[in-house]
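Peer 1: Given chain A's structure and the hints, the job is docking chain B onto it.
There are 2 protein chains.
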Amino acid sequence: MHHYAAVPLDKSYLLLNHGPVTLVSSAAAGRQNVMAAAWAMPLDFSPPKVAVVIDAQTLTRELIEASGEFVLSIPVRAQAERVLAAGSQSGRDGDKFVLTGLSPLAASQVGAPLIAGCAACLECKVLPEAHNQQRYDLFIGEVVAAWADPAVFSQGRWHFDTDAARTLHYVAGGAFFATGEPVAVS
Amino acid sequence: MHHYAAVPLDKSYLLLNHGPVTLVSSAAAGRQNVMAAAWAMPLDFSPPKVAVVIDAQTLTRELIEASGEFVLSIPVRAQAERVLAAGSQSGRDGDKFVLTGLSPLAASQVGAPLIAGCAACLECKVLPEAHNQQRYDLFIGEVVAAWADPAVFSQGRWHFDTDAARTLHYVAGGAFFATGEPVAVS
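Here the protein sequences line up with chains A and B, keeping their order. Each residue of the first sequence is one higher than the one before, starting from 276 at the first, in our numbering. Each residue of the second sequence is one higher than the one before, starting from 276 at the first, in our numbering.
In case anyone wonders, no lab produced these hints; they're calculated from the structure.
Since the list gives no way to pick one copy over another, a pair counts as held whenever it fits inside one copy or between any two copies.
Distance condition first, Cα-Cα at most 25 Å in a straight line; then the derived DMTMM-like pairs of lysine to aspartate or glutamate:
| hint | residue 1 | residue 2 |
| --- | --- | --- |
| 1 | K286 | D330 |
| 2 | K286 | E417 |
| 3 | K400 | E417 |
| 4 | K286 | E356 |
| 5 | K400 | D330 |
| 6 | K400 | D319 |
| 7 | K400 | E340 |
| 8 | K400 | D412 |
Given the structure is predicted, the values throughout are model-derived calculations rather than measurements.
Same shape as in the complex, but just chain A (with noise of 0.2 Å):
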């Protein structure tokens, strides 16, 4: 078992709005893998579905399209290292949970793995589109269980007490943002 918290499909939207980088994890015919991905995003509500681009050439690419399934984690802070070594690594060239340090968990929907410590973790199944695939390395996918840290997501609302726990944004070359203090209109 893992210490995440289950949320509400209708809710899981709440864990991509704000725009966090992401890790793509990724298992087929017994191997797997992980990637970092800036370029992610919400697509629908209800049912709930994401966007992400995953590039052509990665071993990412190769078990999602085997498997037609993936999990979008969203790391913290003190995972940053490690973002970035997913981000830069490929899996050919060797275990990237190895390389990395991050750990897989057993998910519950899908065959891709969750990733351990992060604040939130969504599981997808592809919604094939074959076009949207080649020419834009775009792929669409449906959230079938979706899990928070309850230390900084419950209730359906982000709650940062630590700078460690802040999710990411990424920039460019090594450089982030950390998730910044609320603003609140009213």
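Peer 2: The following block gives chain B in isolation, referenced to the frame of chain A:
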């Protein structure tokens, strides 16, 4: 003229990479409009492309489908109230620029306006994808010009020197996060 400085097209993805909330502006047949969109992301580096979700019921959708053009602007914290207004009112109920207090500025390559006072603006031409537009409300655009406020973005880098100038990340229900502190991994 406006206060924005041109951003090279091959650096324009940096304006959207960290997942900020956007304003989508549009114009057609003598009408113009602006709405808020949290579901926007880069889709390619060069030529730069973006993906954005535009609900079928919106006036923005009508104007973009008529013109084949839109502008994505990246608002700042000082504009949070106006962004929320742009996201909660419809251009069918009145001039959104009057309703929100946001100010349009002439763009260079498209008829849709830039928005004054933002961190950055991306002028986009729609790459027609009828299936995505109809099934997912998903629009893909090629970025044909990009602009940034040199006070917050220059030489390919963000530098938020004041809290009011930070970009925003939308959660829900009038709640945003400001873009937080830089996290560098070497």
